[in-house]
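Undergrad: Here's the letter readout for the chains.
There are 2 protein chains.
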Amino acid sequence: MACRGACCCGPVNEDNARFIMLLLLIILYLMCGAAVFSALEHPKEKQAKEKWAQRFELFSQKYNLNKSDLEKFLRHYEEANMAGIRVDTLRPRWDFTGAFYFVGTVVSTIARVSTRPAVYVIDGKIFLIFYGLIGCAATILFFNLFLERIITVLAFVLKSCHEVQRRRKGVLPHDSRQDARLNREDSLAGWKPSVYCVMLILCVAAIIISCCASAMYSSIEGWGYLDSLYFCFVAFSTIGFGDMVSSQRASYENQTIYRIVNFFFILMGVCCIYSLFNVISIVIKQVLNWLLKKLEIPCRH
Amino acid sequence: MACRGACCCGPVNEDNARFIMLLLLIILYLMCGAAVFSALEHPKEKQAKEKWAQRFELFSQKYNLNKSDLEKFLRHYEEANMAGIRVDTLRPRWDFTGAFYFVGTVVSTIARVSTRPAVYVIDGKIFLIFYGLIGCAATILFFNLFLERIITVLAFVLKSCHEVQRRRKGVLPHDSRQDARLNREDSLAGWKPSVYCVMLILCVAAIIISCCASAMYSSIEGWGYLDSLYFCFVAFSTIGFGDMVSSQRASYENQTIYRIVNFFFILMGVCCIYSLFNVISIVIKQVLNWLLKKLEIPCRH
Ligand SMILES: [K+]
Ligand SMILES: [K+]
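First to last, the sequence lines map onto chains A and B.
Numbering of the first sequence is given in the working numbering, commencing with residue 207 and proceeding in unit increments.
Numbering of the second sequence is given in the working numbering, commencing with residue 207 and proceeding in unit increments.
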């Protein structure tokens with residue numbers, strides 16, 4: 207498969223060219239992204255810095271505090287933060303439910319969504335390494351099987367639609383032998399939907415799930431709708447920042463229901479977005495192949 | 207492929223059985239993990255809580271502070287933390303280098319490794335959603351192509367070894383026609399290494415990279431070696447907690463070199479661990495298939 211290129215110009219065969227091209231494009235993409243984010247966030251950062259300096263100054267003046275003492279106190283607070291303690295600390299984080307949430311975020315590699323304090327005990331750290339290794343692999347398999355299931359369902363739907371159409375057009379579904387053969391031999395094979403079809407459907411599914419989840423978050427957590435959408439994306443894509451964290455308050459109405467619904471939203475969301483990433487990556491690969499063809503690698507002539 | 211099962215017992219065909227079984231096993235796995243982590247971390251959490259309560263008490267007594275005022279001050283500090291400001295704040299986080307690091311962690315879905323403050327501006331949030339969608343997909347493709355490249359290299363090595371052996375055994379490499387055909391037709395096909403071989407090699411590579419990176423971190427960041435290993439795993443697996451963060455100090459010797467080496471370690475590590483996850487997931491799938499065979503799904507008889 208990679209032979210033709212390899213024969214005429216050594217290590218730069220087509221596959222390698224695609225790989226290197228992707229690497230370069232990603233670096234370019236990162237640079238552009240860095241420029242945009244730097245432009246967007248830098249002013250805000252300055253502002254926040256000034257505001258904090260002011261507040262620090264005011265507080266230390268008001269109570270006539272020793273500044274280095276106050277700083278030390280804040281460092282202690284940071285330390286406590288690391289262990290998951292806040293001023294408004296709410297519920298124990300390492301009870302079974304908390305730990306369950308924690309391992310869920312580990313295995314899905316979302317991690318910081320629940321802002322669990324990361325592991326403190328050294329045994330816990332060692333355990334986490336081995337635990338995560340199997341867990342993450344199992345989760346990847348789960349996502350892959352999920353995508354496969356989705357594709358099968360789509361194939362089934364496509365086939366059913368086609369059959370319904372055929373029946374409507376008056377072609378009898380009973381032309382026995384051929385149909386039986388079809389059913390046996392390639393029941394769903396040949397009905398695999400195209401990449402674009404899968405992408406479209408996953409996109410729609412992801413948007414629907416995100417919108418529903420956002421509606422829930424914005425009403426229960428009291429976030430803005432856009433903020434909730436951002437939270438959904440960050441959680442579902444397993445990026446998982448810690449700036450917004452769901453179900454952190456001490457008490458919600460119908461807490462158990464909220465937690466379960468939250469869990470299912472995140473599960474469905476992660477599955478959809480993971481599958482979407484995979485499908486988009488196939489499309490990107492096609493674009494790369496097309497680009498390579500257009501560029502006509504010099505070693506080909 | 208899924209036909210035989212589907213014909214005799216509806217929706218519970220082999221593929222679906224595998225999927226559901228995996229889901230149940232993952233839930234069981236999560237429960238076990240939750241139990242272990244809860245047991246390990248719960249005492250430590252209590253301890254940290256008491257320590258912090260004591261410190262808070264002491265500080266407020268020492269300066270005769272109004273407690274609710276101090277709490278308000280700490281809440282302000284948390285807010286500043288969110289914007290990436292610490293007592294020992296060091297370098298701007300949203301300059302170009304910082305933003306580059308940020309988008310790198312977004313696209314790789316590591317996220318919290320660099321403890322960038324998450325995005326504050328609402329435009330930034332919207333941009334992040336679309337930016338991440340393409341970026342994450344491109345990165346997944348990159349990882350997949352990386353695994354493909356690794357397998358090709360292994361196939362090449364296996365083939366070369368075999369040829370060397372053949373030559374040693376006295377089989378002349380010049381039995382022209384057959385060799386030429388081999389070279390053309392299946393150059394590397396048929397030399398694909400087994401899953402276990404790839405897993406072993408990726409495992410060894412991951413361990414070597416982690417050990418080297420840990421040696422660097424423990425010397426430069428001043429972490430313990432085990433802590434560094436834990437950091438490596440958390441970063442490379444894209445779990446990415448915020449409890450340990452590399453290159454956060456104001457100045458290191460040879461800062462630029464450190465950053466570049468750091469970047470390459472993380473890139474190589476993520477590639478290896480991602481590939482390892484994928485390969486382990488294949489092994490898990492084989493185990494599931496074996497289990498399914500053992501269980502002899504009732505609908506098969
Ligand atoms: K991740
Ligand atoms: K993550």
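Hints were generated in silico from the structure; no laboratory data involved.
Be aware that one or more of the hints could be misleading.
Derived lysine-lysine pairs resembling BS3-like cross-links, with alpha carbons at most 25 Å apart [claimed, not checked]:
1. Lys-278/A / Lys-278/B
2. Lys-365/B / Lys-375/B
3. Lys-365/B / Lys-268/A
4. Lys-268/B / Lys-257/B
Cβ pair distances, simulated, as ranges [claimed, not checked]:
5. Asp-329/A / Phe-336/B: 38 to 46 Å
6. Lys-250/B / Ser-400/A: 47 to 55 Å
7. Leu-231/A / Gln-371/B: 36 to 44 Å
8. Arg-372/B / Phe-336/A: 47 to 55 Å
9. Asp-301/A / Gln-371/B: 58 to 66 Å
10. Val-327/A / Ile-226/B: 30 to 38 Å
Each residue gets a CB set at the ideal place from its N, CA and C atoms; glycine is no exception.
Undergrad: Each hint needs a verdict: does it hold in this structure or not?
TA: The hints, checked one at a time:
| no. | hint | verdict |
| --- | --- | --- |
| 1 | Lys-278/A / Lys-278/B | holds, 17 Å |
| 2 | Lys-365/B / Lys-375/B | holds, 15 Å |
| 3 | Lys-365/B / Lys-268/A | violated, 77 Å |
| 4 | Lys-268/B / Lys-257/B | holds, 16 Å |
| 5 | Asp-329/A / Phe-336/B: 38 to 46 Å | holds, 42 Å |
| 6 | Lys-250/B / Ser-400/A: 47 to 55 Å | holds, 53 Å |
| 7 | Leu-231/A / Gln-371/B: 36 to 44 Å | holds, 41 Å |
| 8 | Arg-372/B / Phe-336/A: 47 to 55 Å | violated, 41 Å |
| 9 | Asp-301/A / Gln-371/B: 58 to 66 Å | holds, 59 Å |
| 10 | Val-327/A / Ile-226/B: 30 to 38 Å | holds, 35 Å |
Figure legend: structure checked against the earlier numbered hints; hints not met, in rising order: 3 and 8.
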